[in-house]
Amino acid sequence: MEYPITNQNEYTTWVKVQLALQGKTQKDLAAQLGVPATRISEAIHAKPGGKKYIIPLIQTLGGDPYYFEEFLKKVLRKPVSFPARACTTD
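The numbering of the sequence shown is the numbering used here, which starts it at 34 and goes up by one.
Hints listed in this document are in silico derivations from the structure and should not be mistaken for laboratory results.
Heads up, the beta-carbon is just placed ideally off N, CA and C, and yes, glycines get one too.
One thing to keep in mind: the hints can contain errors.
30 Å max Cα-Cα, derived DSS-like pairs, lysine-lysine [to be verified]:
| # | residue 1 | residue 2 |
| --- | --- | --- |
| 1 | K57 | K80 |
| 2 | K49 | K60 |
| 3 | K107 | K49 |
| 4 | K57 | K107 |
| 5 | K107 | K60 |
| 6 | K107 | K84 |
| 7 | K80 | K107 |
| 8 | K80 | K49 |
| 9 | K85 | K106 |
| 10 | K60 | K85 |
| 11 | K106 | K84 |
| 12 | K80 | K106 |
| 13 | K60 | K80 |
| 14 | K49 | K106 |
| 15 | K85 | K49 |
| 16 | K60 | K84 |
| 17 | K84 | K49 |
| 18 | K60 | K106 |
| 19 | K57 | K84 |
| 20 | K57 | K85 |
| 21 | K106 | K57 |
| 22 | K107 | K85 |
Ranges between beta-carbon positions, derived for each pair [unchecked claim]:
| # | residue 1 | residue 2 | range |
| --- | --- | --- | --- |
| 23 | G56 | R110 | 11 to 21 Å |
| 24 | Q92 | N40 | 18 to 28 Å |
| 25 | D97 | K57 | 17 to 27 Å |
| 26 | P69 | Y36 | 24 to 34 Å |
| 27 | T39 | K80 | 18 to 28 Å |
| 28 | Y99 | Q55 | 17 to 27 Å |
| 29 | Y99 | Q41 | 14 to 24 Å |
| 30 | P89 | G56 | 29 to 39 Å |
| 31 | Q41 | T71 | 16 to 26 Å |
| 32 | N42 | R110 | 29 to 39 Å |
| 33 | K60 | G95 | 17 to 27 Å |
I would like the entire structure built from these sequences, with the hints used as guidance.
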């Protein structure tokens, strides 16, 4: 992924696309994370009960939380920081 996810709509779409591409269901993802399926639904829709599962969900689906930083700041309502990235030029 080379573009940032900045809002709820982009995040939800990204999750649904990743689930489809990987042939997984929300229930599969819940089992993989060891949480109830309702928590996955709440995480996908950024509901209070699922907020702590958003970053693990992103990582489990192969995403890099760095690209979700702006969205995470809005949803988690706290500072989110990730290690600095090295610049590369081709």
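Could one say that the CB atoms of T39 and K80 fall in the range 18 to 28 Å? Since T39 and K80 have Cβ atoms about 19 Å apart, the given range 18 to 28 Å holds.
Between the beta carbons of Y99 and Q41, is the distance compatible with 14 to 24 Å? At roughly 18 Å between Cβ atoms, Q41 and Y99 fall inside 14 to 24 Å, so the hint holds.
Between K80 and K49, does the CA-CA distance stay at or below 30 Å? holds (16 Å)
Holds or violated: K107 with K60, Cα cutoff 30 Å? holds (26 Å)
Are the Cα atoms of K57 and K80 separated by 30 Å or less? holds (21 Å)
For the range 29 to 39 Å, tell me whether the beta carbons of N42 and R110 fit it or not. violated (18 Å)
Just to be careful, I want the Cα atoms of K84 and K49 compared with a cutoff of 30 Å; is the pair within it? Satisfied, since the Cα-Cα distance of roughly 17 Å is no more than 30 Å.
Under the criterion that the straight-line Cα-Cα distance not exceed 30 Å, is the pair K107, K85 satisfied? Given pair K107, K85 holds - Cα atoms ~14 Å apart, limit 30 Å.
Hint check: K60 vs K85, CA-CA at most 30 Å. Holds or violated? holds (17 Å)
Need the status of pair K85, K49: alpha-carbon distance at most 30 Å? Given pair K85, K49 holds - Cα atoms ~19 Å apart, limit 30 Å.
Okay, G56 versus R110 on CB: inside 11 to 21 Å? For R110 against G56, whose Cβ atoms are near 34 Å apart, the range 11 to 21 Å is violated.
For the pair supplied as a hint, K106 and K84, is the alpha-carbon distance within the 30 Å limit? Given that 30 Å is the threshold and the Cα spacing comes to 12 Å, the pair holds.
Hint check: violations occur at hints 23, 30, 32; the rest are consistent with the structure.
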